[in-house]
Structure formats: structure tokens, C-alpha cells
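Visitor: Letter by letter, the chains look like this.
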Amino acid sequence: MVPKLICDDDMVDIYTPTTSDKDSLKVTIKLSVEKINTINRICASFGNNPEELINVLHETQNTLGYLPAEVQEIIAHNLKISAAQVYGVVTFYSYFTMVPRGDYPISVCMGTACYVRGAEKILEELKKELKIGIGETTPDQRFSISCLRCVGACGLAPVLMVGEKVYGRVAPDDVRKILEEYKNDNDEEYKCQQL
Amino acid sequence: MEMIELNIDNKVVSVEKGTTILKAAHKVGIDIPTLCHMELHNMNIENKPGSCRVCVVEVDGRRNLAPACVTEVAAGMVVNTHTARVLNARKTIVELLISDHPYDCLVCAKSGNCELQSIAHKFGIRRIHFKGEKSTYRRDTSPSIIRDVDKCIMCRRCEMMCNEVQTVGALSAVNRGFISVVAPAFEMDLEHSPCTYCGQCVSVCPTGALTEVDSTNKVLLALMDKSKTVVVQTAPSVRAALGEEFGLPAGTLVTGKMVAALRSMGFKYVFDTDFAADLTIMEEGTELLGRLKAQLAGESNAKLPILTSCCPGWVNFMEHNFPDLLHIPSTAKSPQQMFGAIAKSYFADQIGVKRQDMVVVSVMPCLAKKYECQRDEFKVDGNPDVDFSMTTRELADFIKQSNIDFLNLPDEDFDNPLGESTGAGVIFGNTGGVIEAACRTAYELYTGKKLDVIEFESLRGIEGIRSAKLDFDGLTLNIGIAHGLSNARKLLDEVRAGKSKYHAIEIMACTGGCIAGGGQPYHHGNSEILRRRRDAIYTEDEGKTIRKSHENPYILKLYKDFLGQPCGHKSHELLHTVYYDKSKDEVTIHHD
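Just so you know, the protein sequences line up as chains A and B, in that order.
The working numbering puts the first residue of the first sequence at 1, with every later residue one more than the last.
The working numbering puts the first residue of the second sequence at 196, with every later residue one more than the last.
Any given hint could be a false lead.
Unchecked claim - If the Cβ cut is set under 10 Å, some of the chain B residues that face chain A in the computed set are:
no., residue
1, 358
2, 362
3, 364
4, 366
5, 370
6, 378
7, 379
8, 381
9, 382
Stated by the list, open to error - BS3-like, lysine-lysine: derived pairs with alpha carbons at most 30 Å apart:
no., chain 1, residue 1, chain 2, residue 2
10, B, 685, A, 80
11, A, 128, B, 329
12, B, 779, A, 30
13, A, 35, B, 777
14, B, 779, B, 574
15, A, 127, B, 329
16, A, 183, A, 127
17, B, 329, B, 317
18, B, 696, B, 645
19, B, 317, B, 206
20, A, 80, A, 30
21, B, 779, A, 80
22, B, 694, B, 664
23, B, 488, B, 694
24, A, 80, B, 777
25, B, 779, A, 35
26, B, 413, B, 595
27, A, 80, B, 243
28, B, 694, A, 80
29, A, 30, B, 777
30, B, 488, B, 696
31, B, 696, A, 80
32, A, 80, B, 498
33, B, 752, B, 765
34, B, 286, B, 317
35, A, 121, B, 329
36, B, 752, B, 574
37, B, 498, B, 777
38, B, 329, A, 131
Hints were generated in silico from the structure; no laboratory data involved.
Glycine is no exception: its CB is placed at the ideal position from the N, C-alpha and C atoms.
Kindly generate the complete structure, drawing on both the sequences and the hints.
Guide: This is how it looks when you write it as C-alpha cells:
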């Protein structure tokens with residue numbers, strides 16, 4: 001009969017291998033050859049230089065719309081740096097996103113001028129209307145919300161952007177109206193290229 | 196070199212241009228407290244992100260306080276390191292750090308060894324004036340290392356070790372501001388990252404954010420179980436560092452006391468991993484000679500250079516980063532695993548104990564060994580060759596728990612037959628030691644002559660990459676040595692490019708070798724401790740009557756009675772292993 005140790009049961013650090021979890025946690029790259037080639041080309045255009053990481057990430061996000069783990073792995077591989085370091089940079093800068101942006105990415109300016117003229121209320125209204133938070137995308141992939149600091153149109157504060165289009169002197173009541181413009185719109189002009 | 200004169204705490208200091216205030220102060224005996232800064236002298240290891248601000252000092256004419264660790268001296272500078280303004284700032288900084296830190300010192304694994312704790316004590320902090328939100332993060336447990344990020348102070352030492360010294364790239368600072376943490380890519384668990392479990396992050400973590408998985412309780416339960424025969428093996432480096440945990444000066448050899456303590460704790464047989472190190476030399480040395488002879492005979496598939504395979508951290512690194520070179524390393528298991536395989540076959544038969552009734556415990560300076568003993572290929576029907584691997588630190592705590600007056604123990608000897616070892620087995624703990632031990636044997640076996648001088652001084656040293664040419668009776672053998680995985684990577688890149696000039700390469704994951712392993716007593720950035728451990732290992736070797744593995748009488752008996760020939764059929768079955776491609780563990784690329 002082996003005695004039990006008091007701490008035995010509540011020892012949190014007993015390691016148990018989790019084979020099934022392990023498989024599901026693997027980062028599986030499902031990108032098409034074409035997309036992989038695009039990323040490789042972007043990396044090569046910056047000489048696969050690790051010091052160009054931020055530029056590579058910018059260019060890749062502009063082309064693919066977002067930077068999922070699989071894409072970061074390929075960039076890390078090409079630039080000969082660790083995926084952890086790439087992920088560190090991606091999560092440090094709010095500009096980079098790991099979730100696909102909506103077809104109509106909405107940016108709310110939170111710069112000083114817009115902020116004092118009620119940008120926060122506009123943001124709240126948007127969140128309420130779309131039922132998503134900052135950095136999120138609606139389930140139908142149509143809209144996403146992000147915040148930015150100053151678009152250089154302080155005279156029009158508060159400012160909101162949908163894609164590249166700027167809306168100035170926005171009041172909370174205007175939000176629904178703006179969204180309506182895009183709800184049934186098949187115009188491809190503002191759509192970001194998606195993976 | 197241009198010299199600069201300045202004044203620190205009313206002392207005139209003259210230092211080279213480019214020196215930091217911290218180092219200039221140190222030169223005149225002023226120890227400015229630091230937390231994030233850590234330097235291992237002569238080892239090319241320094242962390243100075245200037246992030247904790249604990250080292251701030253007042254510089255005359257400068258408006259704000261200057262961080263001493265990153266501020267370079269200037270001519271005529273007047274520095275004060277302990278004015279009221281400085282002390283207030285330091286206290287505030289430490290209080291702010293603690294305000295976002297769990298108050299669980301009493302039950303923290305790092306208590307007593309925590310640099311945040313000792314600095315708070317040193318500054319006389321008795322109250323935290325700041326109350327606010329605490330950042331929390333999930334706890335991550337792997338086979339070797341526990342991450343408790345709530346205790347992280349973002350000193351970035353682990354990140355520096357993982358990326359610069361080891362080039363493993365498992366850890367990086369991610370996210371921004373208050374929610375920033377040090378984590379693997381995509382915040383996956385360490386187990387799924389390219390982590391090699393070398394444990395160098397743990398050895399430099401100032402707090403309890405990174406610690407080892409504690410096996411003490413499992414070992415205690417095994418010792419309490421009357422149906423089990425518990426056998427223990429101790430690695431070469433443990434005896435050169437264990438004494439530090441009991442207040443002895445670094446480099447004090449405590450072999451005899453360690454054996455006495457283990458026996459008194461209830462281990463039925465106290466054996467030595469050094470014995471298995473001798474066995475490793477027989478196998479690895481034979482393999483080296485075999486491949487060498489194949490190359491001399493002009494065989495195209497001679498597979499040279501041969502790489503040592505004793506270090507499980509290095510093996511993990513290779514499996515992750517060099518899957519195309521898996522045929523190059525020696526197939527010999529590490530001494531820990533060789534010991535387990537022999538203990539649970541040869542020795543178990545000898546004493547008439549069934550495999551499943553024997554528990555093999557290892558005491559190691561290493562965290563990767565904890566992972567290694569759980570690898571599937573080192574199990575027979577699910578029963579591991581080595582059941583539990585403890586660190587030097589865990590053993591020290593266990594000895595204290597067992598009410599043993601360690602310092603007053605009489606010296607005792609290891610048991611036989613697996614406790615007898617040679618000086619060659621001992622030096623496995625130092626960088627260059629494995630290859631020196633291998634050369635002592637390979638030389639005599641190859642040339643049929645006795646070595647005049649046993650010490651291969653050309654293989655010793657602390658340079659990250661070393662090379663030596665040895666004369667094997669007319670045959671010149673090129674030996675390469677790398678310690679620290681960034682150095683290993685350089686030699687491996689050469690091999691990959693077909694440009695390696697070496698016949699044999701020794702690699703150890705930790706800078707300095709096992710004496711600086713992730714499971715050793717904390718050095719707190721004092722490289723003098725590591726130097727003394729290294730010297731102690733060579734002293735132990737010098738004190739041995741037998742210093743060549745192939746002269747160990749118990750090794751010879753083991754081959755005669757049980758194994759047959761080195762690299763023979765039985766040896767291959769018990770003492771050799773295979774390596775796996777782990778590069779695909781994290782990423783699988785599907786082309787569709």
C-alpha cells in the first residue's frame with residue numbers, strides 16, 4: 001500500500017501528453033501554390049532580408065488582406081527568422097491583422113480631434129449595429145471594424161472611413177445610413193482582395 | 196583605446212570609451228542593482244534591453260535619471276548611485292513591478308532564488324502603494340518546463356537566450372503594452388513550439404515565470420513503494436554543483452556526500468551516470484572508428500563527420516532544424532538512456548528483479564533529460580528505461596526535505612557494478628569533454644599504442660567553436676567542438692553545405708556544457724561559478740586511477756558477460772536509437 005501525498009491531486013503541473021490536441025494545434029498550411037508563390041515573391045522583392053520584415057508584412061497584408069499564422073510561417077522561413085519573432089511584430093502593431101478584414105473595412109479615427117468630437121460614440125454605434133468588436137469581422141465577411149489615429153482630415157472630425165472612402169462630420173445617427181449604402185451593394189470597387 | 200575619466204559616488208574612475216556606467220561603477224566596487232541586465236563574462240552572453248529601469252542613477256546636468264546599464268560614460272561625468280531621488284525611483288519601479296505580480300512568494304518554486312524577491316528585500320520594500328489590474332495568462336506545462344507568465348517581468352533574458360545564444364526561436368515578446376507577454380509563435384504551448392527544452396531560459400529567469408517540472412513527489416512515492424527497487428544514477432556535473440545549494444563555494448566536489456545522501460534517502464542502489472558515459476564512449480568511439488575506416492577505405496557513404504549524441508537538447512534542436520542530416524549523428528543513446536537500458540536488463544536480471552518492479556531515477560543538470568526519458572523509443576511495453584529525471588536543484592531540495600545534514604555526511608562510494616567509472620566519464624560535463632573521452636579511447640584502439648599524455652589540452656577551453664587537429668599515429672583527425680546551439684548551427688550549416696572539414700564534432704546545447712545546464716543551481720549571471728564547476732570536473736578526472744573508458748573493468752565485464760562487442764547486435768538493440776524529423780511538427784505545408 002503506497003501512501004498518498006497531500007499535494008498529489010491538486011498538483012497542477014503533472015504533465016499528461018495530449019496527442020489529439022497536439023494534432024489539432026498544428027499550424028497547417030492550406031494556402032494554394034499561387035498564394036505561396038505570391039508571398040515568396042514579396043519576400044524576394046525585399047531580398048529575403050530579415051530587417052525588411054515590417055515592409056514584407058505590409059506588402060503581404062496589402063496583397064492578401066490579412067496575415068494568418070500560415071502566412072507568417074512562410075515569411076519566417078524565407079527571412080530565416082523564427083515564427084515567434086514574426087508573430088511578435090504582427091501582434092505589436094495594430095495595423096497588422098490576423099483575421100480577414102470584411103469586404104468593407106471600416107476605420108474609425110480616434111485621433112485627438114475626432115475623439116473630442118465624439119468618435120467614441122460613433123464607434124459604440126458601429127459595434128452595436130454590426131454586433132462585433134474592434135478588430136473583428138461580421139460573420140458574413142462584409143464589414144470589419146478597426147481604429148486608427150488621424151487620417152489628416154481633422155477639419156471634418158469626427159471621421160470614419162469605409163475602404164478608402166472618407167465620411168466626415170459623422171453623427172451617431174448617420175452610422176446606420178452609411179452601412180445601408182453597402183448592405184446590398186455588389187460594387188467590387190471597395191472590396192479587399194481575400195485569400 | 197581612449198580612456199575616459201569620470202566620478203561615481205565621489206570616486207574617480209578611468210575606463211575605456213564606450214563603457215557603461217554600470218560597468219564603470221563595478222570597477223570601483225559599486226554594485227548598482229539590476230534586474231533585466233545579465234552578463235556572463237567571457238561567454239559572449241549579455242542581456243541589456245534597458246527595460247526594467249532598476250539601475251537608474253543621477254547624472255549631474257542631466258534632467259532625467261539615467262539607466263546605468265545602457266548609458267555610456269562621458270568625460271567629466273559626475274554620477275550619484277544612491278541619492279534620495281534615485282532610491283525613491285528604484286523603489287517605485289520595483290513596487291510597480293510587484294503591483295502586477297502574484298503575491299505568492301511563500302509557495303513559489305523560485306522563492307529564495309528569485310531576483311525580484313531579493314531586490315524587494317534589499318530595497319526594504321514593506322508595502323505596495325499601487326493597486327490596480329493584474330495581467331493574467333494561462334499556465335503552460337510541457338514535459339520539462341513550466342511557463343507561469345503572470346510572474347514575468349519582461350526582462351527579456353529568456354528571449355535573448357532562446358534567440359541569440361541558442362537560435363532556437365521558440366520565444367518572443369508578443370502583443371503590446373499591459374497585455375504583452377513572452378510566448379511561442381501564435382501563443383501556442385511550448386510543447387508544440389520548436390523548443391528544445393535546453394532550459395537556458397529557466398537558468399536565467401530572474402523570477403518564477405520559467406521553472407522546471409518538479410518530479411520530487413513522484414520519486415518520493417516510488418521510494419515509499421515497498422514493491423519497487425529504486426535505482427538512482429547521477430550525472431557528472433551534478434557533483435560539481437550540488438554543494439552550492441548547501442552554501443559550499445562553487446566548484447566544491449561533493450561526490451561522496453551526494454552518494455551518502457542518496458543512500459540515506461532510501462535509494463536501494465546508488466549508481467553513476469559516469470559508468471554509462473564510459474559505455475557511450477565504447478559505442479560512440481567504435482562508431483567513429485568504423486566510419487573513419489570506411490572513409491579511409493574510400494567508401495562513398497562514410498557519413499562523416501560523426502556528431503556526438505549525448506545531449507538531448509541538441510538532439511531536439513537537430514530534429515527540428517536539420518532533419519536532412521539525421522544520418523550524421525552517432526546513433527548512440529545518451530548516457531542517461533544507456534544507463535536505464537542496462538539497469539532494466541542486465542542489472543535487473545542480475546538481482547532478479549522484474550523490469551516493471553524497478554524504478555530508475557536520474558539526477559541531471561538538465562531539463563531536456565526530463566523530456567528525453569519520456570520519449571516513446573526509450574520504453575519497453577510502455578515502461579520507460581528511465582522513470583524520472585530530477586535536476587540538481589530538485590535533488591538539493593529533496594535532500595533538505597529528508598532532514599539530512601548534508602555538510603556533515605561522511606563520503607561514501609557508489610555501488611557496483613554500475614557505479615564504477617573512469618575520468619573519461621566524468622569530463623562529459625564540460626564542453627570538449629565527450630570528444631576528449633572519445634579520443635582517449637579511439638586513439639588507443641586505433642593505434643594500438645598507449646597515450647603518453649591523457650589530457651588533450653587542445654580540446655579544452657570556453658570558446659564557442661573550437662577546432663583541433665589530433666595526430667593518430669600519422670592519421671590527422673580534425674575535431675570540431677561547439678557549445679551553445681547558435682554555434683552548433685554554424686557547424687551544422689557547414690556540414691549541410693558540404694564544407695565541413697571535420698571528422699568528428701562534439702555538440703552540447705548549453706554554453707559551457709552540462710556544468711551550465713538548465714537544471715543546475717542558479718548562477719545569477721556569475722560566470723565565475725561556471726568556471727569553478729568546470730575546473731572541479733577536471734580535478735575529479737585527475738583524481739581517478741582509471742581515466743580511459745575502455746579500461747573500466749565493469750565495462751569490460753559488461754561486454755564479456757552480456758553485450759558482446761561494442762556496436763554489436765545486443766548493443767544496437769539496447770544502446771542505440773533513431774532520430775525523427777520534427778520540423779513538420781509545427782508546420783505542415785499542403786500544396787493544393
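Visitor: Residue 80 of chain A and residue 30 of chain A: Cα distance at most 30 Å?
Guide: 21 Å, holds
Visitor: Do the alpha carbons of residue 779 of chain B and residue 30 of chain A lie within 30 Å of each other, as the hint requires?
Guide: 14 Å, holds
Visitor: Is residue 779 of chain B close enough to residue 35 of chain A, meaning Cα to Cα at most 30 Å?
Guide: Holds, because 20 Å separates the two Cα atoms, which is no more than 30 Å.
Visitor: Residue 30 of chain A and residue 777 of chain B were given as a pair; does the straight-line alpha-carbon distance stay at or below 30 Å?
Guide: 19 Å, holds
Visitor: Tell me if the straight-line CA distance from residue 128 of chain A to residue 329 of chain B falls inside 30 Å.
Guide: Status holds; Cα separation ~29 Å.
Visitor: Are the Cα atoms of residue 286 of chain B and residue 317 of chain B separated by 30 Å or less?
Guide: The hint holds at about 10 Å.
Visitor: Holds or violated: are the alpha carbons of residue 752 of chain B and residue 765 of chain B at most 30 Å from each other?
Guide: Roughly 15 Å between the alpha carbons, so the hint for residue 752 of chain B and residue 765 of chain B holds.
Visitor: Hey, does the residue 370 of chain B contact hint survive, CB to chain A under 10 Å?
Guide: 5 Å, holds
Visitor: Against the 30 Å threshold, does the CA-CA distance of residue 80 of chain A and residue 777 of chain B hold or violate the hint?
Guide: Holds, because 18 Å separates the two Cα atoms, which is no more than 30 Å.
Visitor: Taking 30 Å as the top limit, are the C-alpha atoms of residue 329 of chain B and residue 131 of chain A close enough?
Guide: Holds - the C-alpha atoms of residue 131 of chain A and residue 329 of chain B are around 28 Å apart, at most 30 Å.
Visitor: Please verify whether residue 694 of chain B and residue 664 of chain B have alpha carbons no more than 30 Å apart.
Guide: Distance ~17 Å between residue 694 of chain B and residue 664 of chain B Cα, so the pair holds.
Visitor: Given the hint that residue 183 of chain A pairs with residue 127 of chain A, test it: the Cα-Cα distance must not exceed 30 Å.
Guide: Between residue 183 of chain A and residue 127 of chain A the Cα gap is close to 16 Å, so the pair holds against 30 Å.
Checked against the numbered hints given earlier, this structure breaks none of them.
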